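**Q** These are the residues of each chain, in order.
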Amino acid sequence: MPKLSEDAPQPVAAEDLAGLFRARREPMARLAYVLTGNSQVSDEIVQDAFLKMHRNWEHIANPVAYLRTAVINGCHSYHRHVAVERKAPVTRQAVAISVTDEISDALAKLSYDHRAVLALRYFCDLDDFEIAEILNIRPGTVRSRIHRSLAQLRKEIPQ
Amino acid sequence: MNTPALEDQLRSHYVSQADKLYLPPLEFEELLADGDREVVVSITSSPRGHRGSWWVAAAAVAAVTVGGLAIIQGRDTPSNTPAATQPSEQLSPPATASTIGLFPAGDAAAVVAQAYQTPASVATAYLADRTSGANLPTGYTAKATTGEVVTVDESHALVNFNLEVDEDSGDGIVQVEQVRDSTGSTGWVVTAASVASMEIKNLSYIDGHLLGNFAAEWGTTQITVLDVAGAVLATRSGTPVPPDAETPPDQSIDIADLSAPSVVVRAWRTPTASYTESLISAGQQGVVGGWTPLAALAYPEQQASFAGSPVSALDSLAMGETIKANTPVDVTVEASNDAGKLCISASIAEVSGSGCFDLEMIALGTAAIALDRDASGRVLVAGIVPDAVSSISEGSTIIQPTQNLWFTVTDSQQHSFKIANSDGTKVVTLAIG
Chain F
1123 MPKLSEDAPQ PVAAEDLAGL FRARREPMAR LAYVLTGNSQ VSDEIVQDAF
1173 LKMHRNWEHI ANPVAYLRTA VINGCHSYHR HVAVERKAPV TRQAVAISVT
1223 DEISDALAKL SYDHRAVLAL RYFCDLDDFE IAEILNIRPG TVRSRIHRSL
1273 AQLRKEIPQ
Chain B
-3 MNTPALEDQL RSHYVSQADK LYLPPLEFEE LLADGDREVV VSITSSPRGH
47 RGSWWVAAAA VAAVTVGGLA IIQGRDTPSN TPAATQPSEQ LSPPATASTI
97 GLFPAGDAAA VVAQAYQTPA SVATAYLADR TSGANLPTGY TAKATTGEVV
147 TVDESHALVN FNLEVDEDSG DGIVQVEQVR DSTGSTGWVV TAASVASMEI
197 KNLSYIDGHL LGNFAAEWGT TQITVLDVAG AVLATRSGTP VPPDAETPPD
247 QSIDIADLSA PSVVVRAWRT PTASYTESLI SAGQQGVVGG WTPLAALAYP
297 EQQASFAGSP VSALDSLAMG ETIKANTPVD VTVEASNDAG KLCISASIAE
347 VSGSGCFDLE MIALGTAAIA LDRDASGRVL VAGIVPDAVS SISEGSTIIQ
397 PTQNLWFTVT DSQQHSFKIA NSDGTKVVTL AIG
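Those protein sequences? They're chains F and B, same order as listed.
Under the working numbering, the letters of the first sequence match residues 1123 to 1281, in that order.
Under the working numbering, the letters of the second sequence match residues -3 to 429, in that order.
Each hint should be verified, as a subset may be incorrect.
To be verified - For each label pair, taking beta carbons as the anchor points, the in silico distance ranges come out as:
{"#": "1", "chain 1": "F", "residue 1": "Phe1251", "chain 2": "B", "residue 2": "Arg7", "range": "15 to 23 Å"}
{"#": "2", "chain 1": "B", "residue 1": "Gly204", "chain 2": "F", "residue 2": "Ala1187", "range": "56 to 64 Å"}
{"#": "3", "chain 1": "B", "residue 1": "Arg7", "chain 2": "F", "residue 2": "Ala1187", "range": "18 to 26 Å"}
{"#": "4", "chain 1": "B", "residue 1": "Ser128", "chain 2": "F", "residue 2": "Glu1255", "range": "28 to 36 Å"}
To be verified - Think about it this way: if two alpha-carbon atoms lie no more than 30 Å apart in a straight line, the pair counts; the simulated DSS-like pairs of lysine-lysine are:
{"#": "5", "chain 1": "F", "residue 1": "Lys1231", "chain 2": "B", "residue 2": "Lys197"}
{"#": "6", "chain 1": "F", "residue 1": "Lys1231", "chain 2": "B", "residue 2": "Lys414"}
{"#": "7", "chain 1": "B", "residue 1": "Lys422", "chain 2": "F", "residue 2": "Lys1174"}
{"#": "8", "chain 1": "B", "residue 1": "Lys16", "chain 2": "F", "residue 2": "Lys1277"}
{"#": "9", "chain 1": "B", "residue 1": "Lys139", "chain 2": "F", "residue 2": "Lys1277"}
{"#": "10", "chain 1": "F", "residue 1": "Lys1174", "chain 2": "B", "residue 2": "Lys16"}
{"#": "11", "chain 1": "B", "residue 1": "Lys197", "chain 2": "B", "residue 2": "Lys139"}
{"#": "12", "chain 1": "B", "residue 1": "Lys16", "chain 2": "F", "residue 2": "Lys1231"}
{"#": "13", "chain 1": "B", "residue 1": "Lys414", "chain 2": "F", "residue 2": "Lys1277"}
{"#": "14", "chain 1": "B", "residue 1": "Lys422", "chain 2": "B", "residue 2": "Lys197"}
{"#": "15", "chain 1": "F", "residue 1": "Lys1277", "chain 2": "F", "residue 2": "Lys1231"}
If you are wondering where the hints come from, they were derived from the structure by calculation, not from laboratory data.
Computed from a predicted model, the values in this text were never measured in an experiment.
Backbone N, C-alpha and C fix where the C-beta goes; we use that ideal spot for every residue, glycine too.
When you get a sec, could you build the whole thing from the sequences and use the hints?
**A** Structure follows, in structure tokens:
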């Protein structure tokens, strides 16, 4: 941990970060899961996010937003490069992949950027501005991506 | 019974998906105590010492599930045209020898003379041209920014771009190809471009008659038909569709008396950031111009490389029955409890594990799991493939699947397997590590 200057934010107590981990690990992993479909990968991404947060804690103003961004970026990186190492032994339950359904199939045909926007809107219930901040895009782009994604899904899913 | 709104279906879907998450117990202190743990999602895996545990299973599974461009690339041989451009419903290269692509216009010599030496440079110049005032619908301004370049093969690439207009923006793809003139000099040419989901469907160009249709979505679709030199041959404007319209029927394109051997079909949908452009030659019909063929190239994991090929092992298995076991390493394949899925179980010395795949994943050809080194330093990779796959090779090592199952024991954690059918016309790459 770097030495703190006098005016730097005070480091969080270890038990507070641990409490945040207990409270937010599962919700963040659920978000990662809807984007990766893999429990272990989701867990790893969230663990990484917490480790990064731990290392950079003194610079983090909004831990929850930081976590969301780190998880979304982690999922993006996973989708692009998929080089995953693991800490814990694999279990069948963790590796098993469920048979895809109609919505899953349709979502899979979207780009990751579009799927991320949909998940943040309809799973996390975030507004345009919150999503824009997480993805580092303009709110107009968020609206556009949602519009396009829904239009594409409507083509794929009989209503 | 009324179908729930798509938005509500998505919410329910996400919740039901997330409920499948399995998280083993872990305290934060345990996470911190793992002092040598590194960031786990990275471009390449970092060198690691022996841990005696599984390490790649998820990576291989992930390659099947979502694998990005870096992981799975499909190709057809002997043609050097990407696999995703081969199906008949997609635009094929123009028939006339003098027509290469959209930009620069002209034959190979003309393309090479323009000296665009990289995919990015030709895509940037192309987008700058198409977003210049003269080429835009009246009163409409647009700005395009190119992004990542994705190599498809040595002579084909995709350039991502973002198109911004006043109140909208959209992501798109420019497809580019490297051509060679009679002297052997090369240059890059744009062959298609589209913003996401924008496309012209059922395009045909027969006897000078251009037909097609497009989805009626928010905005006004404006079609311009040009010859390959850029001269406007015809323009059409679709019926305006308000933003809140209930999915109106497709609108059509019907333009007769064209005489050019190939025509460019360009469409803008204002005021949204929607654009697509493709080339169609006389005699072509039933093709799709725009997003779908480009997305197929950009997201090759969606292309079921061995689609249609059965997996006989699944048909012949009773639930839970093992079809292969007690090999030098124990590798088995068995039907799972969920219909239509196969699971691989594998073990090597003291480590073991399994992975399950549905048929769509298996159809990609890259359904595989991998084990970390055992105490002897061995690495086991095992996979299941459709009947159409006849060999899995890496360098001089060739593995033939038995009852849809293959495996190899190596001393390396990094692999690039070529999974091929019997005549070599279909090859996919499974990258691990």
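**Q** Give a verdict on every hint.
**A** Tested hints:
A C-beta distance of roughly 20 Å is found between Phe1251/F and Arg7/B, which places it inside the suggested range of 15 to 23 Å. A hinted range of 56 to 64 Å holds for the C-beta pair Gly204/B and Ala1187/F, which are about 58 Å apart. Restraint check, Arg7/B to Ala1187/F: a C-beta distance of roughly 22 Å satisfies the suggested window 18 to 26 Å. The beta-carbon spacing between Ser128/B and Glu1255/F, approximately 33 Å, falls within the hinted interval of 28 to 36 Å.
For the hint linking Lys1231/F to Lys197/B, the alpha-carbon distance of about 18 Å falls within 30 Å, and the restraint holds. With a C-alpha separation of about 25 Å, the suggested pair Lys1231/F and Lys414/B falls inside the 30 Å cut-off, and the hint holds. About 42 Å separates the Cα atoms of Lys422/B and Lys1174/F, which puts this hinted pair outside 30 Å; it is violated. Our distance criterion of 30 Å between C-alpha atoms is met by Lys16/B and Lys1277/F, whose separation comes to about 27 Å.
As the CA atoms of Lys139/B and Lys1277/F are separated by approximately 28 Å, the hinted pair is consistent with the 30 Å bound. A hinted pair counts as satisfied when its Cα atoms are at most 30 Å apart, and Lys1174/F with Lys16/B qualifies at roughly 26 Å. With a CA separation close to 26 Å, the supplied pair Lys197/B and Lys139/B stays within the 30 Å bound. Taking the CA atoms of Lys16/B and Lys1231/F, the gap is near 21 Å; set against the 30 Å cutoff, the hint holds.
Taking the CA atoms of Lys414/B and Lys1277/F, the gap is about 34 Å. The hint is violated against a cut of 30 Å. A threshold of 30 Å between alpha carbons decides the hint, and for Lys422/B with Lys197/B the separation of about 27 Å falls inside it, so the pair holds. Our distance criterion of 30 Å between C-alpha atoms is met by Lys1277/F and Lys1231/F, whose separation comes to about 11 Å.
Checked against the numbered hints above, the structure breaks hints 7 and 13 and satisfies the rest.
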